[in-house]
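Let's have the full structure, built from the sequences with the hints guiding it.
Chains as they are written, first to last, in our numbering: chain A, 5 to 348; chain B, 2 to 145.
Read the hints as simulated data drawn from the structure, not as lab findings. Each hint should be verified, as a subset may be incorrect.
As the list claims (entries may be wrong) - Result set (DMTMM-like, lysine to aspartate or glutamate): computed pairs, CA atoms no more than 20 Å apart in a straight line:
hint, chain 1, residue 1, chain 2, residue 2
1, B, 19, A, 36
2, B, 11, A, 36
3, B, 21, A, 129
4, B, 50, B, 71
5, B, 52, B, 28
6, B, 50, B, 28
7, A, 105, A, 129
8, B, 50, B, 105
9, B, 11, B, 29
10, B, 20, A, 36
11, B, 127, B, 32
12, A, 105, A, 199
None of the values given here were measured: they were computed from a predicted structure.
Letter by letter, the chains look like this.
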Amino acid sequence: MESAFPVLLVLIKTLLVIVAVLTFVAYLTLLERKVLGWIQVRIGPNRVGPWGLLQPLADGAKLLLKEEITVSAANTAVYIVAPLIVVVCALIPFGVIPFAKGLGLENVLGPVANRFDLNTGVVADINLGILYIFGISSLGVYGVILGGWASNSKYSLLGSIRAAAQMISYELGLSLSVIGVLMLAGSLSLVNIVEAQDSVWKWFVFRQPLGFILFLIAGSAEIARTPFDLMECENELVAGYQTEYSSMKFGLFYLGEYAHLLFLSSLMTTLFFGGWQGPILPPIFWFLGKTFFFVFVFVWIRGTYPRLRYDRVMQFGWKTLLPVGLLNVMATAFVYTLWLKYVG
Amino acid sequence: MLIPLLQGLKLTFSYLLKKKVTLQYPDEKWDVAPRWRGRHVLTRHASGKIKCVACMLCATVCPADCIYIEAAAEPDGRRYPGRYEIDLTRCIFCGYCVEACPKEAIEMSTAYEISEYSRGNLLYDKERLMEPPTPRYELKKKAG
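Below is the structure:
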């Protein structure tokens, strides 16, 4: 019993984070529809509940009640597993995102709190946080590719081929854009990265502006949001890899997509905008505020730009993003070395 | 390269704050033009008698052939339509009947909510045509 108790607490903490993430994801859909509506001089959903606040629940109920279709020519096992891969890979990176410094539990729980990391505002502060995130988010593409392939439909297959090509091109740029931050912070742990930005002028967005822009672009390609949403391109591919999915299987893809959006925004907050840090208000508010600001930015971007042409996306990834990313890494290393030698 | 992108973002943000143009239809009604060609109305004299003299001009001019009139006469010889029916399922709302009428006996109202659950209800007889449509649409805007 003595040993089972902390495990239970860790489980509860994990569960709380998952529930919070899922709730936020549900309301992201409302936020996106509202903001897109406003940008298009419309009102947005306002029929279900006051200000449309029950809309996500109605959408969820609708998705659950829709007919579950499995294409007869599909590879059934893979077809069913694919959306699960997408959702799992979108949810587990939240485990390393620090959302607050301390939860103030050490007085309640005693020494157990420190031993099992229960007091920190992160599910697991692993020292390879960033690598873990990149590893998992690369795995997420498997869901998309397998889903598109298993559907046995030409549109789905084309969508998943595009997804694969796009991921390979932008994963590199994304990783390179973060290396500058890692060098300056001197750590791969996200908690340490946040603690390295303890005042506003130390935020990495000011020390790594190019890295931030690269991260923003490569990130929105990574989560396949509008300027780069070629894999689900509605007008050419009908919806890409999701074409043959219905009901909750489609819902899971959707969930994964929005969880990715939330995750990328929180990662951006953590890496470039000082994470939970901020004056007066409790850390969690700063973290959520910054995260939702970036969610808004992504929706704003979606409401502004048209989709890029496929070859241009590839060209941009390999011929612009990659060299500029490498340049950023080298310049950062050069300047940082000089700084350490002559100033610091 | 970045500047045009930022200009685009600025533009969409300005739209974000604008007053919304959405008309929430069943709650808010659209103001139609004063000369809107909506559901027909058979007008009356001040005495309350129907203006129509059953001359059949409207029925003749109607390109959709949707007006059916049976003439009748009062004891003093004044003609009036015994039956006057407009089949709104066939009507194309061209307004020729209004133009053709020498007595200004048929007019088009601004009523545009005329859908029904059964086809039969769209066959308007004389009594229904003589009632002004409810709700009456108030004209606030002047249309050109």
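For each hint, the structure was consulted:
1. B:19 / A:36: Cα-Cα ~17 Å, so holds.
2. B:11 / A:36: 18 Å, holds
3. B:21 / A:129: 46 Å, violated
4. B:50 / B:71: This hinted pair holds, its Cα atoms lying about 17 Å apart.
5. B:52 / B:28: Answer violated: residue 52 (chain B) to residue 28 (chain B) is near 36 Å, above 20 Å.
6. B:50 / B:28: 36 Å, violated
7. A:105 / A:129: Holds, at about 11 Å.
8. B:50 / B:105: 13 Å, holds
9. B:11 / B:29: 31 Å, violated
10. B:20 / A:36: 19 Å, holds
11. B:127 / B:32: It is violated: about 27 Å lies between the C-alpha atoms, which goes past 20 Å.
12. A:105 / A:199: Satisfied, since the Cα-Cα distance of roughly 9 Å is no more than 20 Å.
In the structure shown, a violation is registered for the earlier hints numbered 3, 5, 6, 9, 11, in ascending order.
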